[in-house]
Structures are given as structure tokens and as C-alpha cells.
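Read in order, the letters of the sequence shown are residues 34 to 650 in the working numbering.
Worth double-checking, as some hints may not be accurate.
Once the Cα atoms are required to be at most 25 Å apart in a straight line, the calculated BS3-like pairs of lysine-lysine come out as [claimed, not checked]: (1) Lys35 x Lys110; (2) Lys395 x Lys339; (3) Lys326 x Lys337; (4) Lys237 x Lys139; (5) Lys538 x Lys555; (6) Lys541 x Lys596; (7) Lys53 x Lys111; (8) Lys588 x Lys555; (9) Lys541 x Lys597; (10) Lys393 x Lys224; (11) Lys339 x Lys401; (12) Lys111 x Lys35; (13) Lys391 x Lys231; (14) Lys500 x Lys555; (15) Lys452 x Lys35; (16) Lys237 x Lys42; (17) Lys397 x Lys339; (18) Lys564 x Lys588; (19) Lys395 x Lys231; (20) Lys139 x Lys401; (21) Lys50 x Lys110; (22) Lys289 x Lys324; (23) Lys393 x Lys231; (24) Lys575 x Lys555; (25) Lys564 x Lys591; (26) Lys618 x Lys452; (27) Lys128 x Lys117; (28) Lys618 x Lys591; (29) Lys105 x Lys42; (30) Lys434 x Lys337; (31) Lys391 x Lys337; (32) Lys575 x Lys597; (33) Lys434 x Lys597; (34) Lys35 x Lys196; (35) Lys434 x Lys500.
Everything labelled a hint here was simulated from the structure, so no lab data went into it.
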Amino acid sequence: MKIYTDNIKIYDARLLKLNKLLARFSFLRLLIFVISIAFLITSFTIKLITPIFIVLPILIICFAFVIKHYNKIDYLKKHTTFLKKINESEILREKCDLEEFDTGHKFINPNHPYTSDLDIFGQHSIFQLLNRTTTESGMIYLSQWLSEAAPNSEIYDRQEAIKELSPNLDWRQGFQASGMHFQNKTSDYSKLMAWVEKPIVLLKHSYLYITIAISLPIIFLFVAYFFYANLGSLIVVISLSLMILILFINQVILRKLRPIAENIVETSTENLNTLRGYQTLITEIESNSFKSKKLHELQSILIKGKYSASNEINRICGLLDFSHQRPIKKIPINGNYLYPLLNSFLLLDIYLIIGTEKWKLKNKAFLKLWAEVVSEFEVINSFAGFCYSNPCYAFPEITEKDHYIQFEALEHPLIDSNKRVCNDFHSEGQGDVVMITGSNMGGKSTFLRSVGVNLVLALAGGPCCAKYGQVSNLKLYTSMRTQDNLMKGISSFYAELSRIENMLKQIKSNNNIYFLLDEMFKGTNSEDRYKGGNSLINQLSKLRTSGIIATHDIKLAKLSGNKKLVTNYSFNSEIKDNSMIFSYKLDQGICTDFNASELMKRSGIEILPNISKNEIE
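Between the sequences and the hints, there should be enough to build the whole structure, so can you do that?
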């Protein structure tokens, strides 16, 4: 889309200006530093001490001012770079060039009813096409949306939310860019949830520990006062003994608390990055207004009167930032080595632990909810971006009709739009089985995947790669891409049998299954394949379930069609001017032409002429 290329030009111009500003502030920073050093050297050389107390604070204020603005401009530069990257990514997605995007490989599950066969995850997958999330939990939520159909009411709520966000390009991209500031940093959602669920230790006795943390330093100061006020008398010995005793008591307390305090420091880096990422996205959500039911409900979880999720997260982030001042041996955090000295006197660990535990007690019930809100917003934002980039895609109607699928101008979203061929498809009622025959490379498997992928998108609440869609809320099951497993000693044929066995169990327990079968029993001989295929079709007919079967077996298609067990469709090709032409259009009836021999011939195989059926038998 032209808007993406226009945005890239705008962001390039903005980056040019920001780089110039950064260079200026970088020079100013260096200049102030050099002036400060030169001033100090000159002042000490000519013994002008008084001006130091006047000029040096001014230079420090100027330096701090420059640093503050430098950091602000640097943030804007990063943000603009992310915005540019987002628009470049949208152009790549338009071209179906998905190599650089996260594959969602950790969500690949060969035993799932359909995700492996339909390329939902992995290289060149639907996940790559859709994913605009920046948090780990956002990716998990997107995988869940694509792995399981939502209830009808939820689908309509999602559609409404996606339609609202889709045209709001600037907010959507700003939201995504805000999350990208923390995307590549160390963060782990599961560790954050485990950390917040850790049991409370000090808070149960907080009054006791706070009293100790306040009273012991005060007593120490009083004793120290008597120590200095009575130098040369016996009180000095008593005072010194008391001071040593107090420091000893402090060390005993700190030793007891050390594992808790060090655990906070150890986990603070990962947790801080995760929390900062959520806080940034939550702030974006809180500061906007939404009309759709779902978005409004999600936003209301974050804001309840004066209670704001972003403010609460900011508080714990402040504490975790403070914890970085505490050096520990286990991890290389640049702690402040004044901390141990102050800690031994002021018992800072008590404030750190109680502050953290107090926050946990108040917010741990909400933190998971906040993460879920952000995750859902990210998934809706992903679908909204997909919708915006494909304005011709239609949001399907979810019908109460039985086993109903209707698509007009159906296409596959992972095929380049310039190469797609659209087809209409209609299937209705229990027991409606469609059998598709066709020549090799004619488009049978791609068509099955087109139906499957668009059904997944429809039942996730997203738009379909079709001009019109109307579907029942069906449970999809596929057997298309079975593989052997040498480690487990499983052949591809046995893997297919296992897959079909599971499908039949699913159908018997829930007749709302819609199946997609590609080349049944391809791992066995033609006689057994025919016998098994005929038997399975009869069994599926008795079970009154619906689906699509793709096959090369014309004999099976004719027999099943004559018995009214299936409705036959086909993909055909022709050889014209010594070239093989594929229409990729779905026709009624059984395939009339085949090209396997021609394809083998073109691959260098010398096809023998006039091989009779009797010779084969």
C-alpha cells in the first residue's frame, strides 16, 4: 500500500533531523564536560575556591539538562526507527516475504488437529503473516486464537474490535512501536508470574521490621553523639561497645534477609524489562478511548477510578530499579558499592523487601489480568493490521446453520496476491462430503488449505481471504502432511492411520467436525488404498460428518459419486503448444485429464509406450 512507502519517507526525514539534534547535544555534552574540567583545574591552580561553589553547580545543572534532552531525543530516534521498521514489515507482508519474521516455532504441535497441516506456525506461516505482538504473552495469545475456535458471541466481539482499530493506523503502529523498545531485551512472562506468586515473608511482621529499621539507626546516632561528645571518658568505651553491638545486630538481621533480597536483585533485570514493556503498552491503552464492547471492557480492567495499572507498575519498577543499587556476586549488575555500607547502618534491605512484598500483596491478583489485557490488545492489533493491509478481505458471518461453509472468491492469504486464483465453495449439512480429483500440481492441496486457513481465520474473529464468507462454528481436523518418525519407529503410513484413528474418535465424540483429507492411504499399494478409501468414505457417511477429500483415485471418486456418498469436484490442466497449463479453477465433476506421465517425462524418465492394463496387473 502506498501509505506504507509514504510513511517510510516521512520517518526517514524525521530520523535525519533527530540525528542532527543528537549530534548537537552530544557536542554540547562534551563541551560542558571539558569546560567543567578546565574550570576546576584553573580554579585550583590560581586558588580561587569560592567561584567553584557558584559556577560548578550551574555547569552541573546545564550538563543534566543536556543529558535529559539527549536521552529524550535518543528515545524519539529509536521510536521513529521502530515505526519505519513496522511500515517496512507491512510491505514485506504484502509481498508474502515472511522470512525475517518470528515463525512461532515453539507453538508447533504435530498432534494438533490442524495447525501443522495448514502452516499456522513455522516458516511461511499464518503466524508470521499476522503477528504484530511485542510481548511473549501476546505471542501466546495469538497462538491460542489460531489454535482454537472462539464461541460465536466472542467472534462477533473480536470482529467489532478489529474493525474499530483497523483504520486507526497511527495509534496501532505507535502501540506496536512502544512495545518494540523492550522486545529484544531479556524478559520472561512465566518467570514474572512465578516471581509475583512467591510467598510473602516479611510483610506478616512488617511493623516489627520497620520498627527495627527505624529505631536501630536512631539509637546508633544517639550513641555516636555521646561517643563524640565524651571523648576521653569511660562513656566512650560503653558507647563504642553499643555501636558495635547495634552493627552486629544489623548484620544478623541482614544475613537472615540476604537470600530474599538477593533473589529480588537476581530476578529484577528480567522482571523489570517485562514490566516496563507492559507499562508502556498499558499507558497507550489507558490514554485512548474506545467504542467497541471488547476494547472498552479490556480498558476498564486497567483503570478503576484513581487506581491505574500503569501507575502501580511504575511503583514496582521504581523499587526494582532501586534494587539494582545492591551489588551481589551471582550476576554482573553494576551495583552501587555504597549500598552495603548504608545497608549495614540503615537496613535498606528491609525497605526493599517489604516494599516489594506490599506491592505483590496488593497487585498480584491484577498483574495476570493486566498482562492478559495487553496480550489481547496486541492480538487484536495484529488482526487489525492484517485487515488494514487487505481491505478486500471480508469478515464472515457466523451462522447457526448445520455444517455450513460458503466462500465467494476464496483465496489463500500466503500466496502472492498477483499469483492467486479465486474459487467459490459451498458445503452444507451433515454428511456433505466433497471429493476433489485432479492432475498433479493442479491445486487440490492448496485448495484444501485455502478452505482450512480461512475457516481458522473466521473462527478466530478475523477477516477471510475471500469476497464473502459464511460459516458454522466447526471443529477442524486435517490429515494432509503425515511424516515418518525414525526415532519412534513410525512409518508415514502408520502416522496417517494414527491421525485418521484420532479423527474418527473426535467425530464419534463430537459430530461438529469438519475434516480435510489429502490423498488417503498414500503409503500403501493401490488395491489396499482403494479398499481403505472406499471403507473410510462409507464410515464417514454413516457418521454423518462433513469435509473435503482430495485424491488421484478416479475409480474411488466414481464409485463414491455413484453411491451418492460424495459430491465430485476437480482441478484440470491441459497441454497446449508443448506447455502445461493449469487453470487452478474448481470444476464440477471428476477430473478428465491427467499429467503425471508428462511430468515424469519432463523430469527425464523415459516413459514406455503402449503399456496395457494386463501388463500392469
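Tested hints:
1. Lys35 x Lys110: Cα-Cα ~23 Å, so holds.
2. Lys395 x Lys339: holds, 15 Å
3. Lys326 x Lys337: With Cα atoms ~17 Å apart, Lys326 and Lys337 stay inside 25 Å; holds.
4. Lys237 x Lys139: Since the Cα atoms of Lys237 and Lys139 sit roughly 40 Å apart, the hinted pair is violated (cutoff 25 Å).
5. Lys538 x Lys555: With Cα atoms ~21 Å apart, Lys538 and Lys555 stay inside 25 Å; holds.
6. Lys541 x Lys596: holds, 23 Å
7. Lys53 x Lys111: holds, 14 Å
8. Lys588 x Lys555: holds, 15 Å
9. Lys541 x Lys597: holds, 22 Å
10. Lys393 x Lys224: holds, 14 Å
11. Lys339 x Lys401: Roughly 20 Å separates the two Cα atoms, so the pair holds.
12. Lys111 x Lys35: Status holds; Cα separation ~24 Å.
13. Lys391 x Lys231: Holds, because 12 Å separates the two Cα atoms, which is no more than 25 Å.
14. Lys500 x Lys555: The hint is violated at about 34 Å.
15. Lys452 x Lys35: holds, 20 Å
16. Lys237 x Lys42: violated, 58 Å
17. Lys397 x Lys339: This hinted pair holds, its Cα atoms lying about 18 Å apart.
18. Lys564 x Lys588: Holds, at roughly 11 Å.
19. Lys395 x Lys231: holds, 14 Å
20. Lys139 x Lys401: With Cα atoms ~22 Å apart, Lys139 and Lys401 stay inside 25 Å; holds.
21. Lys50 x Lys110: Given that 25 Å is the threshold and the Cα spacing comes to 9 Å, the pair holds.
22. Lys289 x Lys324: violated, 53 Å
23. Lys393 x Lys231: holds, 9 Å
24. Lys575 x Lys555: Holds: Lys575 and Lys555 sit about 23 Å apart, inside 25 Å.
25. Lys564 x Lys591: holds, 14 Å
26. Lys618 x Lys452: Roughly 13 Å between the alpha carbons, so the hint for Lys618 and Lys452 holds.
27. Lys128 x Lys117: OK: Lys128 and Lys117 at ~17 Å, within 25 Å.
28. Lys618 x Lys591: Roughly 20 Å separates the two Cα atoms, so the pair holds.
29. Lys105 x Lys42: holds, 22 Å
30. Lys434 x Lys337: violated, 41 Å
31. Lys391 x Lys337: holds, 20 Å
32. Lys575 x Lys597: Cα-Cα ~12 Å, so holds.
33. Lys434 x Lys597: holds, 22 Å
34. Lys35 x Lys196: holds, 21 Å
35. Lys434 x Lys500: Since the Cα atoms of Lys434 and Lys500 sit roughly 20 Å apart, the hinted pair holds (cutoff 25 Å).
Hint compliance for this structure: hints 4, 14, 16, 22 and 30 are not met, and every other hint is.
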